[in-house]
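Engineer: As a plain string of letters, each chain reads:
Protein chains: 2
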Amino acid sequence: MDFAKFHGLVPAVVQDHQTGEVLMVAYLNREAFERTRETGRMHYYSRSRNKLWMKGETSGHVQEVQEILVDCDLDAAVFKIRQVGGAACHTGYRSCFHRRLEPSGELTITETAKVFDPAQVYSQ
Amino acid sequence: MDFAKFHGLVPAVVQDHQTGEVLMVAYLNREAFERTRETGRMHYYSRSRNKLWMKGETSGHVQEVQEILVDCDLDAAVFKIRQVGGAACHTGYRSCFHRRLEPSGELTITETAKVFDPAQVYSQ
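Chains as they are written, first to last, in this note's numbering: chain X, 282 to 405; chain U, 282 to 405.
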């Protein structure tokens, strides 16, 4: 992968391996990419916390990699994953992309309910 | 959208509105986002050429926006689109993500054939 192009990072599209739903977008540096391939579980690089982290390390909601696709320029990747716990978003929704931008500019929620209560999951 | 977080840009996941296939990842600045919403056709910001461009302006293979989803942090978006011409990748493949990264590290092509011949499309 070409990590040089974007400050050492590559954006990852994380997609449910069965439904094709896009669950989140996050960034991997070289180390996160290697750890993800070695362990079969999604690891990311947090720009705000400046550290490597494994998705689910607090919540238990890990992401198991089923397939990795790379783009024509080798500067982005799609990870098809199985989401343990059923929800990828820290808000408790299945997908981080649970809001639609309407032509009016309004945001409407597209999911009917949260999968988990973040107050319970992240207080443990 | 929060354009401040990543050097004025927001990554866009471009997804076929019918199949859910991820076709490409590209970046929008504020102007590209506004032009996309106004026209209903995908506009991007090219970091290498330092300019706004409309997908399909050379090839005619424009992308018609069907739905826009935004993520929990408002720093990424999913655009569900109809791909005119059937292929999003400048190589002629349907998707930019037409290669699988195998556990061995090898890249294998996942699409059976190119949709168009880039030498023909881009020489016109």
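Don't take every hint at face value.
No copy labels: a pair is met if it fits in one copy or bridges any two.
Derived BS3-like pairs: lysine-lysine, alpha-carbon spacing no greater than 27 Å straight-line [stated by the list, open to error]:
hint: 1; residue 1: Lys361; residue 2: Lys332
hint: 2; residue 1: Lys286; residue 2: Lys361
hint: 3; residue 1: Lys332; residue 2: Lys286
To be clear, the hints were calculated from the coordinates, so they are not data collected in a lab.
Engineer: If a hint holds in the structure, say so; if it does not, say that too.
Structural biologist: Going through the hints against the structure:
Taking the shortest Cα distances, Lys361 and Lys332 sit within 27 Å of each other inside one copy (23 Å), while across copies they are farther apart (32 Å). Within a single copy, Lys286 and Lys361 get their C-alpha atoms as close as 23 Å, and across copies as close as 26 Å, so both meet the 27 Å cut-off. Proximity of Lys332 and Lys286 under a CA criterion of 27 Å is satisfied in both settings, with 20 Å inside one chain copy and 17 Å between copies.
When each numbered hint is compared with the structure, no violation occurs for any of them.
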